[in-house]
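Engineer: The listed protein sequences correspond, in order, to chains L and Z.
Just so it is clear: in the first sequence, position 416 is 416 by my numbering, and no numbers are missing.
Just so it is clear: in the second sequence, position 194 is 194 by my numbering, and no numbers are missing.
Hints listed in this document are in silico derivations from the structure and should not be mistaken for laboratory results.
Computed from a predicted structure; not experimentally measured.
Hints are supplied without guarantee of correctness; some may be wrong.
[Said to hold, decoys possible] Some chain Z residues close to chain L (C-beta under 7 Å, calculated; not the full set):
no.: 1; residue: E211
no.: 2; residue: V213
no.: 3; residue: G251
[Said to hold, decoys possible] Only pairs whose alpha carbons sit at most 27 Å apart, straight line, appear in this in silico DSSO-like list of lysine-lysine:
no.: 4; chain 1: Z; residue 1: K193; chain 2: L; residue 2: K157
no.: 5; chain 1: Z; residue 1: K57; chain 2: L; residue 2: K69
no.: 6; chain 1: L; residue 1: K37; chain 2: L; residue 2: K83
A virtual CB, placed ideally from N, CA and C, is assigned to each residue, including glycine.
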Amino acid sequence: MAECENDSDVESRISYRDYVVLKRGDVFKSVQVENKKKVVFEKQWFFLDNAVGQLFGTRFEIEAGGSLKLKAAKHSGDSLDSKEAGQDNRHIVDDGSSQKLTRDDIETLKEQGLKGQEIVQQLIDNSTTFKGKTEFAQEKYIKKKKKKYESDISILKPSTRLLAMMYHGREPGKICHLRYDTLAQILTLGNIHAGSKILVFETCAGLVLGSVMERMGGFGSVIQMYPGGGPTRAGMESFGFPSHFHETLHEFPLCKVNALLAGTLDLSEKDADSEVSGSGNGQSESTQETSAVSEKNSEPQSMEVSIDPQEEMRRVERERLREKKAQEKKVKMEEKRKKLASAAALLEGRNADGLVIASRFHPCPVLMCLLKFIAPSRPFVVYCQYREPLIECYTKLREQGGAISLRLTDSWLRHYQVLPNRTHPVLLMSGGGGYLLSGTTVAADAAKARNQHKSEEPVAKRLKLDEISSA
Amino acid sequence: MSFVEYSEIIQEGDVVIIFLGHESMMPVMVQSGAQTQTRYGVIRHSSDLIGQRFGSKVTCSKGGWVYVLHPTPELWTVNLPHRTQILYTTDIANITLMLELKPGSVVCESGTGSGSLSHSILRTIAPTGHLHTVEFHAQRAEKAIQEFKEHKVSHLVTVRNQDVCKDGFGITGIADAVFLDIPSPWEAITHAKSAIKCKGGRICSFSPCIEQVQRTCEALLDHGFEEICTLEVLLRVHDVRTVTLPSPDFGPEEDSRSSQVASDLSQDEVPNSGNTSVICRTATPPREMAGHTGYLTFATKPRD
């Protein structure tokens, strides 16, 4: 449709600095579009420059030399249909000699500039067993060869779906082996939606944070709690959010949570300094020191030697630079302090609308601590790669109260191949996708949960155990 | 109160969820002067609900108490009046992710059914998106309109009483995503395709039977859809419990070595008439679980 091609929606066109997702078959990779930067993907090198200005979703071929070329419109109907086919494989002997083309022959064909589809046709023509295969086997063979020799890639706009599948397929360790369907549960059970105030604690490279932000749509606020030095945002950047989304994102260091809860958090300038690098105060002092020292040094110089105008200029220049750096540092400190203050202000009310935890840290202390910031009648979701830590969380919450509808779950996922007369589950299946503990907060009360569900122990014994645990 | 926005204090006209205990809840429409009967006694709306904070404990007339919760689509799914078989949160969560729904998305859905998925979609696409939902059963369509009104989400949804296979969704070229949960989804693919924006979009079809899935996948392929993918997802619940396993009696200890073995056992030993027992904190699966809800088929409509 003509109107589609002239899509003036700026968001639909690929630009420099955009974050995109490259796709080839079922393999994805997240990259940033940069000028003349070589990209490696699926054993191929290429440049993304020719993609700039094109629409998202476009298919490209990789030409010799690494430049991208727009793929011509899809040919409907497979021109690779074979007329002849066998009935079954009783006569087919797999001795590795059925393909007459050697690896070198194929390389020669590639160098001659033959397209992927043509190479596949060559392979079919030079296969002694192809005609004897069943139609299904022929289709499977063609599909396999196409996957290897047709090197089309698509350039897509990032989304939680694509990034979650990418991380799970490529680098599951970075996201604590969080499978995409489990992430789906987190976002839905957590009732993540526009306009809410959500606390996130994750060590999943920023994927969970990004997916929460996507569901918030730039409305409301997200407070990322972080351990140690600073928050991880790499995965979140890959979403390519518009800049105003970043204004909804706050961060707060875990090491200051106790102070915040006790009401002793110091938000004055001095405190912000020490938070930065541990020696912030020392640094600003030393800057003054060095400038004082340099002044001292310059004095004897000017006394010993007659004032050299060039030397003087250089000294003044150095002074200026030092002062400029000190000023920049001051501005940065002030920014950091402001950010800390704004995050603290959001947390102080203890009225957040939701909590998401997904990290390699033991979830129990994190959960028990961060729940204090959540309003009553709000959902919380905790992800853990393993089950036992969540059992601990469950038990602690039962003892403490303040949470209902606690559920420890994991999900079972299976893909299907759907083809005429060949429909069955896919052969390889994910063994596990992690575990979730979800629940709803209620007004903190000392009341023992009414919903202490049935235990298989006889009544008398159960009472005894209750007494022990509540002691 | 709103299904798409949180509030703090219960007001007249709100729909709240009364939590009575483990797996026991009920929705209640808050009205001045009204009363609700529960097994713990009577809840008087004017004094016990209106003006109270969501999440607070309410003591009923007999002395027992309940919690009053803010409604969410997830709570609604397990508490709504069934007019048809509904979709549950596990499937809904995956549909939401795979259709890439987010604030601002325009979604087409058929059939509306009991509105379980509809409420979840509305929550996700608010405040700037829109849901076009089609239901061919007149009374169900009517009930859906009424419910959306009571739940204060009417501005985000348009309900149409028509047959999606014959008449489509009532709009074309504006949807980011289409969802089908109908007996013959392959008959609606043409309309689904035309409902989706020309720059492309996602589609999902939910079918309990594999034969339906096969016909739908064929139709999707014929219509030029890509990335066709069928999957199913099931939730496994783990019941957390403390179990005490007795240790058998191996006879009186002969030497120091065997007493070492005894003390190597877990510290949570409970002496029980001479024999020791071990306490384990563990989780077990329930006796039965949902083994099948339906197959989810997803695909992408490429740019025109």
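Engineer: Is K57 (chain Z) within 27 Å of K69 (chain L), Cα to Cα?
Structural biologist: 65 Å, violated
Engineer: Should the hint that G251 (chain Z) touches chain L count as held when the rule is a Cβ pair under 7 Å?
Structural biologist: Where the cut-off is 7 Å and the nearest Cβ of chain L is about 26 Å from G251 (chain Z), the hint is violated.
Engineer: Holds or violated: are the alpha carbons of K37 (chain L) and K83 (chain L) at most 27 Å from each other?
Structural biologist: 46 Å, violated
Engineer: Is the interface hint satisfied for V213 (chain Z)? The criterion is a beta-carbon contact with chain L at less than 7 Å.
Structural biologist: 6 Å, holds
Engineer: Is the interface hint satisfied for E211 (chain Z)? The criterion is a beta-carbon contact with chain L at less than 7 Å.
Structural biologist: 9 Å, violated
Engineer: Is the straight-line distance between the alpha-carbon of K193 (chain Z) and that of K157 (chain L) 27 Å or less?
Structural biologist: Measuring from Cα to Cα gives roughly 20 Å; hence the hint holds.
Violation of the numbered hints given earlier is confined to hints 1, 3, 5, 6; the remaining hints are satisfied by the structure.
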